[in-house]
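K.L.:
Sequence:
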Amino acid sequence: MWFTSFRNVIIFALSGHVLFAKLCTMVAPQLRSWMYAVYGALAVMGTMGPWYLLLLLGHCVGLYVASLLGQPWLCLGLGLASLASFKMDPLISWQSGFVTGTFDLQEVLFHGGSGFTVLRCTSFALESCAHPDRHYSLADLLKYNFYLPFFFFGPIMTFDRFHAQVSQVEPVRRQGELWHIRAQAGLSVAAIMAVDIFFHFFYILTIPSDLKFANRLPDSALAGLAYSNLVYDWVKAAILFGVVNTVACLDHLDPPQPPKCITALYVFAETHFDRGINDWLCKYVYDHVGGEHSAVIPELAATVATFAITTLWLGPCDIVYLWSFLNCFGLNFELWVQKLAEWGPLARIEASLSVQMSRRVRALFGALNFWAIIMYNLVSLNSLEFTELVARRLLLTGFPQTTLAVLFVTYCGVQLVKERERSLALEEEQRQDKEKLE
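Residues 1 to 438 (our numbering) make up the sequence shown, in order.
Rather than coming from a laboratory, the hints here were simulated on the basis of the structure.
Keep in mind the model is a prediction, meaning the values are calculated, not measured.
Please note: incorrect hints may appear among the correct ones.
[Said to hold, decoys possible] Quick list of simulated restraints, FRET-style, between CB atoms:
#1 Pro316 with Glu428: 19 to 25 angstroms
#2 Asp133 with Leu42: 29 to 35 angstroms
#3 Leu426 with Ala221: 34 to 40 angstroms
#4 Thr263 with Ala295: 41 to 47 angstroms
#5 Met357 with His111: 28 to 34 angstroms
#6 Thr206 with Val172: 45 to 51 angstroms
#7 Phe20 with Arg174: 47 to 53 angstroms
[Claimed, not checked] Heads up, simulated DSS-like pairs for lysine-lysine below, C-alpha to C-alpha not over 30 angstroms straight-line:
#8 Lys236 with Lys436
#9 Lys339 with Lys283
#10 Lys260 with Lys418
#11 Lys339 with Lys418
#12 Lys236 with Lys283
#13 Lys418 with Lys283
#14 Lys339 with Lys87
#15 Lys418 with Lys436
#16 Lys22 with Lys236
By construction, the Cβ of each residue, glycine as well, lies at the ideal position given by its N, Cα and C atoms.
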């Protein structure tokens, strides 16, 4: 559905936004934030009906009133209660009745618009509590919430960032920014075509649903299929956020970047398919509770709180509970291993190793972590049965040949990623040194 009617509706709505935004920027740039809000509200009303728009306005006003009290715990609690009302019966059934008519994308647009509205309103309320001297108004909240490119599908920008950027009366583009926007648009078009090809010819989503056929695949093909499922989901997220971010950049915004490529993920701390929600959770929950993320108990509390809210966001059910538990465990296990490596005897052993050997050891652990990330996320992206099949074939029936072969290939990939990260870090360090000299 995403790449048929979904794609056409999104492109049509965003094209109208780009047109009106350009006209407003040329005629009255000081009113562009109002134009964004009015066009977004009209688009929502035209798509979902006036009663749905009034429902969202009710949630906005409720959290705005809570922000006036200046109590962050009250704002966060009310925000989570509002989010729960869109995720659990009977309130979800009652509120879905506010949508006018029935159409193919109704459920997707309802959950996306409602969920992101609550997160945005909660961000507004928490920023108002953190900065009472700035006197944010209800109009600021409505401008923030009804910015159409972010409304239904995200990514979400925290209110402080959005307000600072959209309030610029005469924004100026950086040198080469337009070229970068054109390149991003071209890359999104190419990625859409690539996904269409994968979807129609490679059957990477169909094969896992047929366990009898999947069971006949060789071990290496099964491992590749599991990896391809995550790559496919990452590409879809990258395309969605790439298209939306291109429009946001045309509006002189600096939106959250698309998710990091799944191939480059070998630590749980960087594993997320929506960088906007990740930034929201880190700012208001994870970093607030976990502090420096160096102590075991505060980190455990921070991850449990973060994944509890993530579970609520995704919609509580058995498979989401399992996914949250596995990823919460993975994030904490990384810290436990790090603390163990800092323990006296082990720290002395690592200190005695050469730089190259130390990196090889870390890459080996990274390879194991990479497959843990794949298996833990395969649970929610595909099915528990397919995940069990892959795990059994790679760890039991395929041991040791398949297990070692897959780990070796992954180890080489992690080494390449780490070398790339080292090169980028050196380039960034040289750039900063050059700026200091200037």
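K.L.:
Indicate, hint by hint, whether the structure satisfies it.
P.N.:
Each hint, compared with the structure:
no. : hint                                   : verdict
1   : Pro316 with Glu428: 19 to 25 angstroms : violated (41 angstroms)
2   : Asp133 with Leu42: 29 to 35 angstroms  : holds (33 angstroms)
3   : Leu426 with Ala221: 34 to 40 angstroms : holds (38 angstroms)
4   : Thr263 with Ala295: 41 to 47 angstroms : violated (32 angstroms)
5   : Met357 with His111: 28 to 34 angstroms : violated (50 angstroms)
6   : Thr206 with Val172: 45 to 51 angstroms : holds (49 angstroms)
7   : Phe20 with Arg174: 47 to 53 angstroms  : violated (24 angstroms)
8   : Lys236 with Lys436                     : violated (40 angstroms)
9   : Lys339 with Lys283                     : holds (24 angstroms)
10  : Lys260 with Lys418                     : holds (14 angstroms)
11  : Lys339 with Lys418                     : holds (21 angstroms)
12  : Lys236 with Lys283                     : holds (26 angstroms)
13  : Lys418 with Lys283                     : holds (27 angstroms)
14  : Lys339 with Lys87                      : violated (38 angstroms)
15  : Lys418 with Lys436                     : holds (27 angstroms)
16  : Lys22 with Lys236                      : holds (28 angstroms)
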